[in-house]
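Dock chains R and A against the given chain H, drawing on the hints supplied.
Chains as they are written, first to last, in this note's numbering: chain H, 1 to 417; chain R, 1 to 338; chain A, 1 to 195.
Calculated from the structure, these hints are not laboratory results. Remember, it's a predicted structure, so these values are computed and weren't measured experimentally. There may be inaccurate statements among the hints.
Lysine-lysine pairs mimicking BS3-like chemistry, simulated, CA-CA at most 27 Å apart [said to hold, decoys possible]: (1) R:Lys328 with H:Lys43; (2) R:Lys118 with H:Lys43; (3) H:Lys3 with A:Lys163.
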Amino acid sequence: MIKQIEGSEAVAEAVALCRPEVICAYPISPQTHIVEGLGRMVKDGTLTPCEFLNVESEYAAMSVAIGSSATGARTYTATASQGLLFMAEAVYNASGLGLPIVMTIANRAIGAPINIWNDHSDSMSQRDCGWIQLFAESNQEALDLHIQAFKLAEEMSMPVMVCMDGFILTHAYEQVDMPTQAQVDAFLPPYEPRQVLDPAEPVSIGAMVGPEAFMEVRYLAHAKQISVLKRIPETAAEFAQVFGRNAGGLVREYRTEDAETIVVALGSVVGTLEETVDAMREGGVKIGVLSIRSFRPFPLAAVRAALGNAKRVVVLEKSFAVGLGGVVSSDVRMALSGIQLHGYTVVAGLGGRAITQTSLTRMLTQAVADKLEPLTFLDLDWTIVNRQIAREAAVRRSGPIAENLLRDVGTIAAKVS
Amino acid sequence: MVQDIKFYQTGTFTVGNRLLDPDQRTVQSSIDRNNSLTSGHRACQGCGEALGARYAVDAAMRATNGQLIAANATGCLEVFSTPYPETSWQLPWLHSLFGNAAAVGSGIAAALAVKARKAGKSQSDVRVIAQGGDGGTTDIGFGCLSGMFERNDDVLYICYDNEGYMNTGVQRSSATPPAARTATTMAVGPDPGAEFGKGKNVPLIAMAHEIPYVATATVADLRDLEAKVEKAMSMRGARYLHVFVPCPLGWGAASCDTIKLARLARETGIFPVFEAENGEITHVTKIRHKTPVEDYLRLQKRFAHLFGTPGRPEVVARIQANADRNIKRFGLLEEVPA
Amino acid sequence: MIQIRIHGRGGQGVVTAAEMLSIAAFEQGRFAQAFPSFGSERTGAPVVSFCRIDDRPIRQREPIAAPDVLIVQDAHLLHQVDVFQGLKPEGFVLVNSRSSADALGLAEIVARLPRGHVVTLSASEIAVRHLGRPMPNAVLLGGFAALTGIISLEAVVHAIHDKFAGQIADRNADAATEAFATLTAMMTNPQEVSV
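For reference, chain H alone in the conformation it holds in the complex (with noise of 0.2 Å):
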């Protein structure tokens, strides 16, 4: 049925629609109206039979959650930022232990400085944890999405987090086709668990593994990633079946078939990315975009095939690693390796900084004629950034940055957007 609806509503109304045995979180901006419609429908019966806990911190939600999946439950919970770190440690524990947790983020940055807006940096700090990292360009397609993750992450005994960013999409109204129970109940069986615990054949969880078997069980972990990675089209190709719209996959292309320029981005900004392309399309630029849909497993292959016979590539995400540069084009180059072509890396919209269809144009027109730095940091104010730098040579106790940044940008109530 179609409906206009707030993007975390309809998250919630998909995950209830896949029958979650256990729902445990901890409020976190900007996944609260999520966890908060599942919780309603747990109490006013129509999610049933659904055990909710209110636990006390991020790391309990994880940790309730990796009892409740040994115990053979369908697991659920949602969190972002600080949160995600918080409960880093049991992270890391749900998919050494081949839980098929479900978990959305809500894509928001990371302090210091505190900054509950949107941008990849919780996400992608536990790129390497195991878990499947899926990205949703729409309201539409993080409800999809859901609904696909746990019917991969029970196949693979593999936690899945679905990544929606968070205010841009967890926040907005829009419309979205929410499926019934029946076509859900009918691509997505119970969970039948690969372990449990069950008195009835025990079996012990957790166990030490030392130098001798220890690299076997991290291969075997990385091997089952790679085989997601045709898992993942395949479910999509199910889902398709039995929805009639496609979602999910590996990576989506648009009008890259005879692109000169391929912009690469994660999430909500392919929306505003494809306006863009268009616009300059119009132009005569031979441009397109390449939506990144399944971050990890990362897809090497696809990304080389959609990107190979570009002159350049654009990398635009809203990740950097301190110091070095992209987070998301460290990967993609390495999906290029071998290839020649112009790669460029644009750092945009960190701690929820809008990025602009105007910026991106301007940002592109100087891509195309490769008069871009090969790092870039969309609409930064190098006013307020060099005057920081000359306070701080010019005296020790030049205070805490982000206030004084914060005195030089101005009454930020004053600001339109």
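Coordinates of chains R and A only, in the frame set by chain H:
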């Protein structure tokens, strides 16, 4: 339900079972016991925790007809019981992390509750225990423990308290008693050993959460420990059992003194043995022969710096004062009629 | 595509207004996207929300820099925040105030926009009469429907009932309907520029 038979032997109580009705006998006296923590584990000779865990989990298995799942924190118990590729556990057992055993237990309980509802039952027949040492319980696991308590999740949490982080090399925890030597509270300087005025009493904190059942026990009182586990398993909701388990290695004690030390801890008043329900104390185990703390302290090298020449008699006096305070506070001595 | 930007203060239902607008547009078979800009969430702080309406799926996600319509729920913001930033040359402005546009110091804006495109409406007063408190958001949507014709009053009322329940929904709907009627009447009598 424990018969009030007075045993006049000191040392051990092994003679006792033959004098009791079969249904009063300990789980350990039965050859049909589960051996939940079976032989082959790698614990030290005389390990109090291995003893306590075997007692407690076997009692829980009997109380639940074997319908039990255990979540275990990282620590000595977890390490010595699951040396790859073996396991000593004969029940479903999950080790996740150091600080999350209580939360993992909550998760298991939640899953079991849903499974039960799906099977048309109002509650699960399969029960959950979460267990860990003092480090994993009173320090790093404290947040999760409190969370499980306040939600009243249906989990029995058992803390095996050997008063330090033993598996990592005997470091101080918030359960380490004053003056005790550990690797991070060395017996050097003007105030050797752990400082006075620090530490926390987790059984009292558990009581402050007003959960259905809180109890302390020691490995010296097998029957009492089993009875408390059984009572706990007869209840639903959050329950906490704090078991005093001497560590010969960490305490510098003789491996044959484990049970003796546990008994002395009770008899000196250093470790009050009691039960509480919904925040109110319901039973206290009285001290049979009040014993000076020195008798307890002298058996452990971790307190050796308090003795010898010149020794620290004023520190021993402070420890005695703390013990006397416990005796008064918990009413550990029989009232003597005037 | 039509882009609407709503300005107000926290606690005045600015975010809900954009959401209701999107629901109204959806009700009329169009695509709509609504989202807030997130400054401090505290009551009283300036808040902006956005709504895009189109006949095809909306892909852009950036804040609205060049609005076709501005709704200003709190007139005190007019000279504190640059609410008119990027307003299109043919744009509409609807301000919640009992004063005229001139009295609010908007003569210049009035002059550069088409005739009748800048309107003030005493929405808080209408709200107090119907709701008992000065919550102007739904009222202004009724005014918006009349001013621009982009969405119908029926759709606005439907959206109100979607967001609210019972008496609150009914009273808001009545208030929006009154605003619609008031503005419609005003527009057919152009010499009065405010109510």
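Q: List in ascending order the numbers of the hints, as given earlier, that are violated by the structure.
A: 1
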